[in-house]
Amino acid sequence: MKVFIVPPNSLILYDLVERYGHTPLSLMGAISKRVMNPEIESPPINVTPNDVKKGLKYAGIEVPSGIRGRLAVWGPLVDEAEAAIIMEDAPFEFGCVGCHRTDEMIRFLVKKRKIPLLEVRYPTNEDEAKVLVSKIKSFLEGLK
Amino acid sequence: MPKDTETRMIVIAPSSSVTPDQITRLIHTLSAEVTVKETCYGAMVEGERAEVAKTLEAVRKLDPNRIFSKVRGFPIGDARRCRAHHGSRPGFTQLEKEWECLSLIEKGVTCAEKGEAPPEIPRRQKITVEELKRIVEETG
Chain P
538 MKVFIVPPNS LILYDLVERY GHTPLSLMGA ISKRVMNPEI ESPPINVTPN DVKKGLKYAG
598 IEVPSGIRGR LAVWGPLVDE AEAAIIMEDA PFEFGCVGCH RTDEMIRFLV KKRKIPLLEV
658 RYPTNEDEAK VLVSKIKSFL EGLK
Chain S
2 MPKDTETRMI VIAPSSSVTP DQITRLIHTL SAEVTVKETC YGAMVEGERA EVAKTLEAVR
62 KLDPNRIFSK VRGFPIGDAR RCRAHHGSRP GFTQLEKEWE CLSLIEKGVT CAEKGEAPPE
122 IPRRQKITVE ELKRIVEETG
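First to last, the protein sequences are chains P and S.
Number 681 marks the last residue of the first sequence (this note's numbering); no jumps.
Number 141 marks the last residue of the second sequence (this note's numbering); no jumps.
Hints listed in this document are in silico derivations from the structure and should not be mistaken for laboratory results.
It should be emphasised that the depicted structure is a prediction, and the values quoted were computed from it without experimental measurement.
Keep in mind that a hint or two might mislead.
DEER-style ranges, computed between Cβ atoms [as the list claims (entries may be wrong)]:
1. Phe645(P) <-> Ser18(S): 41 to 47 Å
2. Arg650(P) <-> Ser104(S): 33 to 39 Å
3. Glu138(S) <-> His637(P): 34 to 40 Å
4. Pro120(S) <-> Arg650(P): 28 to 34 Å
5. Glu139(S) <-> Lys648(P): 39 to 45 Å
6. Arg124(S) <-> Glu641(P): 21 to 27 Å
7. Arg124(S) <-> His637(P): 22 to 28 Å
8. Ser18(S) <-> Thr661(P): 23 to 29 Å
9. Glu641(P) <-> Arg50(S): 32 to 38 Å
10. Phe645(P) <-> Ser16(S): 33 to 39 Å
11. His29(S) <-> Lys594(P): 29 to 35 Å
12. Glu619(P) <-> Thr94(S): 26 to 32 Å
13. Pro586(P) <-> Thr94(S): 35 to 41 Å
C-beta: ideal position from N, C-alpha, C; glycine also.
Same shape as in the complex, but just chain P (with noise of 0.2 Å):
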């Protein structure tokens, strides 16, 4: 099953869903589609001003462009999951995937979906991480 995660380029996310058998849909891999295809845009940019106007199926006009840029991309990716993993708690919400009225939307757009989703928070300690995972594995072998 295709598996959306957020953080949605999140190293331990995508390597145990993939552990676990199923397919991440993950951030670096819709990026990689852009700047891969020659056709898209020379040079290639990772979001095309198309990409924005694309953006308003899922934020309206009166949000910012940053946004709508970003939901363009992870937008398709919500659309095309058959469950989700969010993880909460992520230390360092900057850089990329710093935005957080994104973060938000995203969540809400999954939860909107009601599709099997689970909700975890990155852990601190190593009982924690032990649960986490527990948690992660049940969760996926219960989608088969």
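Based on these hints, arrange chain S on the given structure of chain P.
Using the frame of chain P, we list chain S on its own:
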């Protein structure tokens, strides 16, 4: 570049004794049709999807629970990301922080593999009024 090309990051957990050099040497000995680049966190592999999957399977055997992997959006040496060309690395902060977490995740994966029940973590309770009063009085 062919359409079915994939770039993968192979990341070694800090608790592992495997080195990036060992991984790249192993990939070279496999004679797979992939490009490999040694990095500080492990290695990057690029090639046809099936070849990359086969390579990854062989690399994982070195230390199954301590070698992690994810797809990379940009190809190896892409001028927009490669440090040699002063490219920006907006995803590196996330990778760095998650790398620190990998030793914990490895314990979780091992625990799940053995079928052990995870430990019970007591839920965080709300602070009592008495405790709050004590803190307020202490801080003056």
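Comparing the hints with the structure gives:
no., hint, verdict
1, Phe645(P) <-> Ser18(S): 41 to 47 Å, "holds (44 Å)"
2, Arg650(P) <-> Ser104(S): 33 to 39 Å, "holds (34 Å)"
3, Glu138(S) <-> His637(P): 34 to 40 Å, "holds (36 Å)"
4, Pro120(S) <-> Arg650(P): 28 to 34 Å, "holds (33 Å)"
5, Glu139(S) <-> Lys648(P): 39 to 45 Å, "holds (41 Å)"
6, Arg124(S) <-> Glu641(P): 21 to 27 Å, "holds (25 Å)"
7, Arg124(S) <-> His637(P): 22 to 28 Å, "holds (26 Å)"
8, Ser18(S) <-> Thr661(P): 23 to 29 Å, "holds (25 Å)"
9, Glu641(P) <-> Arg50(S): 32 to 38 Å, "holds (34 Å)"
10, Phe645(P) <-> Ser16(S): 33 to 39 Å, "holds (37 Å)"
11, His29(S) <-> Lys594(P): 29 to 35 Å, "violated (46 Å)"
12, Glu619(P) <-> Thr94(S): 26 to 32 Å, "holds (30 Å)"
13, Pro586(P) <-> Thr94(S): 35 to 41 Å, "violated (27 Å)"
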